[in-house]
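S.K.: We have chain A already, so just place chain B on it with the hints.
First to last, the protein sequences are chains A and B. Residue 103 in my numbering sits at position 104 of the first sequence, and the numbers go up by one each step. Residue 207 in my numbering sits at position 208 of the second sequence, and the numbers go up by one each step.
One thing to keep in mind: the hints can contain errors.
Which copy is meant is left open, so a pair is good if it fits within one copy or across any two.
Claimed, not checked - Derived DSSO-like pairs: lysine-lysine, alpha-carbon spacing no greater than 30 Å straight-line:
(1) K208 / K11
(2) K208 / K154
(3) K52 / K8
(4) K41 / K83
No lab work stands behind these hints, which were simulated from the structure alone.
Protein chains: 2
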Amino acid sequence: MKSLLEQCKSLKKASAGLAVMETRAKNEALLCVARALKRNGKTILMANEADVKAAEESGMKSSLVDRLRLTEARIDDMIEGIEKVVSLKDPVWNSRDVWTLENGITVSKMSVPLGVISIIYESRPNVTIDAFTLALKSGNAILLRGSSTAINSNKALVDTVKQGLSESSVSPDIIELVEDTDRSLVGELLNMTDYLDLVIPRGGAGLIKFVTENSRVPTIETGVGNCHVFVDETADLEKAVAIVENAKIQRPGVCNACETLLVHSSVASQFLPELKERIGDRVELRGCERTAAVIDVVPAVELDWETEYLDYILAVRIVDDCDEAIEHVNRYGTKHSEAIITNDLANSRKFQRHIDAAAVYVNASTRFTDGGAMGFGAEMGISTQKIHARGPMGLNELVTIKYVMNGDGQTRE
Amino acid sequence: MKSLLEQCKSLKKASAGLAVMETRAKNEALLCVARALKRNGKTILMANEADVKAAEESGMKSSLVDRLRLTEARIDDMIEGIEKVVSLKDPVWNSRDVWTLENGITVSKMSVPLGVISIIYESRPNVTIDAFTLALKSGNAILLRGSSTAINSNKALVDTVKQGLSESSVSPDIIELVEDTDRSLVGELLNMTDYLDLVIPRGGAGLIKFVTENSRVPTIETGVGNCHVFVDETADLEKAVAIVENAKIQRPGVCNACETLLVHSSVASQFLPELKERIGDRVELRGCERTAAVIDVVPAVELDWETEYLDYILAVRIVDDCDEAIEHVNRYGTKHSEAIITNDLANSRKFQRHIDAAAVYVNASTRFTDGGAMGFGAEMGISTQKIHARGPMGLNELVTIKYVMNGDGQTRE
Numbered sequence: 000m001k002s003l004l005e006q007c008k009s010l011k012k013a014s015a016g017l018a019v020m021e022t023r024a025k026n027e028a029l030l031c032v033a034r035a036l037k038r039n040g041k042t043i044l045m046a047n048e049a050d051v052k053a054a055e056e057s058g059m060k061s062s063l064v065d066r067l068r069l070t071e072a073r074i075d076d077m078i079e080g081i082e083k084v085v086s087l088k089d090p091v092w093n094s095r096d097v098w099t100l101e102n103g104i105t106v107s108k109m110s111v112p113l114g115v116i117s118i119i120y121e122s123r124p125n126v127t128i129d130a131f132t133l134a135l136k137s138g139n140a141i142l143l144r145g146s147s148t149a150i151n152s153n154k155a156l157v158d159t160v161k162q163g164l165s166e167s168s169v170s171p172d173i174i175e176l177v178e179d180t181d182r183s184l185v186g187e188l189l190n191m192t193d194y195l196d197l198v199i200p201r202g203g204a205g206l207i208k209f210v211t212e213n214s215r216v217p218t219i220e221t222g223v224g225n226c227h228v229f230v231d232e233t234a235d236l237e238k239a240v241a242i243v244e245n246a247k248i249q250r251p252g253v254c255n256a257c258e259t260l261l262v263h264s265s266v267a268s269q270f271l272p273e274l275k276e277r278i279g280d281r282v283e284l285r286g287c288e289r290t291a292a293v294i295d296v297v298p299a300v301e302l303d304w305e306t307e308y309l310d311y312i313l314a315v316r317i318v319d320d321c322d323e324a325i326e327h328v329n330r331y332g333t334k335h336s337e338a339i340i341t342n343d344l345a346n347s348r349k350f351q352r353h354i355d356a357a358a359v360y361v362n363a364s365t366r367f368t369d370g371g372a373m374g375f376g377a378e379m380g381i382s383t384q385k386i387h388a389r390g391p392m393g394l395n396e397l398v399t400i401k402y403v404m405n406g407d408g409q410t411r412e
Numbered sequence: 000m001k002s003l004l005e006q007c008k009s010l011k012k013a014s015a016g017l018a019v020m021e022t023r024a025k026n027e028a029l030l031c032v033a034r035a036l037k038r039n040g041k042t043i044l045m046a047n048e049a050d051v052k053a054a055e056e057s058g059m060k061s062s063l064v065d066r067l068r069l070t071e072a073r074i075d076d077m078i079e080g081i082e083k084v085v086s087l088k089d090p091v092w093n094s095r096d097v098w099t100l101e102n103g104i105t106v107s108k109m110s111v112p113l114g115v116i117s118i119i120y121e122s123r124p125n126v127t128i129d130a131f132t133l134a135l136k137s138g139n140a141i142l143l144r145g146s147s148t149a150i151n152s153n154k155a156l157v158d159t160v161k162q163g164l165s166e167s168s169v170s171p172d173i174i175e176l177v178e179d180t181d182r183s184l185v186g187e188l189l190n191m192t193d194y195l196d197l198v199i200p201r202g203g204a205g206l207i208k209f210v211t212e213n214s215r216v217p218t219i220e221t222g223v224g225n226c227h228v229f230v231d232e233t234a235d236l237e238k239a240v241a242i243v244e245n246a247k248i249q250r251p252g253v254c255n256a257c258e259t260l261l262v263h264s265s266v267a268s269q270f271l272p273e274l275k276e277r278i279g280d281r282v283e284l285r286g287c288e289r290t291a292a293v294i295d296v297v298p299a300v301e302l303d304w305e306t307e308y309l310d311y312i313l314a315v316r317i318v319d320d321c322d323e324a325i326e327h328v329n330r331y332g333t334k335h336s337e338a339i340i341t342n343d344l345a346n347s348r349k350f351q352r353h354i355d356a357a358a359v360y361v362n363a364s365t366r367f368t369d370g371g372a373m374g375f376g377a378e379m380g381i382s383t384q385k386i387h388a389r390g391p392m393g394l395n396e397l398v399t400i401k402y403v404m405n406g407d408g409q410t411r412e
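The following block holds chain A by itself, in its conformation from the complex (with noise of 0.2 Å):
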């Protein structure tokens, strides 16, 4: 077995040749990668079997061993998923800034592969193909790095990939999956700056507050996400009840997912009353003051506004106005998800500017902040950081930029 630094070298030496390839030889490989995986099936699906009786006979939450479940439906979503990504445009060497210096040079802003990708995840063994499929047709290496749970799976799962590599002309030496997954190494990889260009941590917060504190090697901060839908004065409440009852309720495990409702004063008494009667049988309330004297609810405490419940509970606060919904959201969100239900334009027009948040919303449910949703065919996860990329990661995220000086002899003045 490879040491961590040994991988690293190996990827940073075969992530030279893949960020140059052409898009063709890299979508064959994928395809390549696709049939390994309908050919292994069988194989996967044993080792997954071995990480699911661990999982079960250590006490796990039977909705995570769900999560990790693989089966041979699961193992035709992965390679539908790679079918996906062949075909998207390659995110690598193209350019919409093209211009000339007054001198004669003509400079060309080229997007470029990043290099040497790392991602470090929990559980869910997709995540193994969906970010080695990502990060090939942007042309960067990756070093996987999945949670203990996991790990027979994401060995059957990356030997796949290498075997469906040496079939193709794409180096099998640009994927590696840390095997060893003792958290002293998760250190060590955190300080791998000669050889990684990016750390992605995707998981629960204690994950992502590890990497992000401890890393030398830049990350992108992942998906907490404490969102927000403000029903305004002017709102159409028939929509206002479909949306918050779709942000709450069609997924409330996600990221996207709406975890306190704001409501305008002068029609929180016909509206919560309609909320209430569409969801209040699954979906605790719990209440400002305001709140509770228009509907019965759970007193809400100054912690739920701070908090991502990820389940069948909403917090409920009624406000006077926009600006108030405003100061409440960009106080307690986490910059994910914002929405507000409103015909009033110059309120929306308000709320999309002065809210800080990576997507923010008039008149639509806050769950299409993905990458699937929102076009772009896969993602990586959803950065709610402000630097290098916001929201979903999808190819375009995972690319720099170079900038190509073409002259015929220009010398500075």
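M.R.: Frame of chain A, contents of chain B only:
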């Protein structure tokens, strides 16, 4: 005097208003500052005189004292710099990506300010005004931490800026100077993740290393440039001599100056004597063994290939082809600015694709890698990392994005 924490809180608060300010108001505020600089010229020069005197008494090198010294002409340059930035396009709330999803939601990827930027810099007090000007125009509040040797100058400059702003509609709270230059405060600053969105170190290698290794706030590494010029077999040798002379000598102390020359073996016997005749009296040449067989040079050692001299010294190595040149550059370079002098189309294409650097030149001096020369109007520094910004950082590198999503009731299925 405010504590650092109080300064950070105040900046964050002020940044919200600045982020949504009209271009006209920002430009008027910049011109108020320009007028205040004109008016306070004498006060600023007196403050600077104190810094210069202290520096001279401490035995500072005269070249560094010169960088520290302000004159009426240098204050006029600052004012001109402000007027230049006023004339540039506002980088905020623009988009080149607007699309509509299948469900009818229109997505606009809008540019928005980062929030609060901090710059940690050495000596030159003009950076104080440059950094403030770019920050204001791009809608960002700014925390300045200059060196102790320029503290009186920086205080006078920031007082002047605040005075100018107080005559405008922009709050004077958008700029703060860390007046206590104790180093421990830098450590504190690098942990202000709740308030700062970006830290830019600008100065020597030691400062940059300290910041990138210790910061929990995202940083952009600037500056170190071990740049190469490769004279290929088919180069126009007359142009090649002029380019090497320019890249090495025109201003040897800057990061885009050439430090190592690579020469194709088939032209070395003609090119090297010509070069030596042109620059040999001003530049110490340190050559590989093959170079020493052609011209009289100081023998180069391994360390020479790694060194950013920032001086009248040039390392010289003979290589056998373009591939060997690319290998040398990717091994020893710092990913800043690299040039090939050639008339071979295939080699020019290969060099520009395979070299991993912010700027890769064909047939031009490496000295053009800066915001002024590239037409950005001004710059905050030159990024040598790949995340967020690469190469000169102008106004467009000081923004992030926000997805503005407009619907009419869409929910996710």
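S.K.: So which of the earlier hints does this model not fit?
M.R.: Hint 3 contradicted; others consistent.
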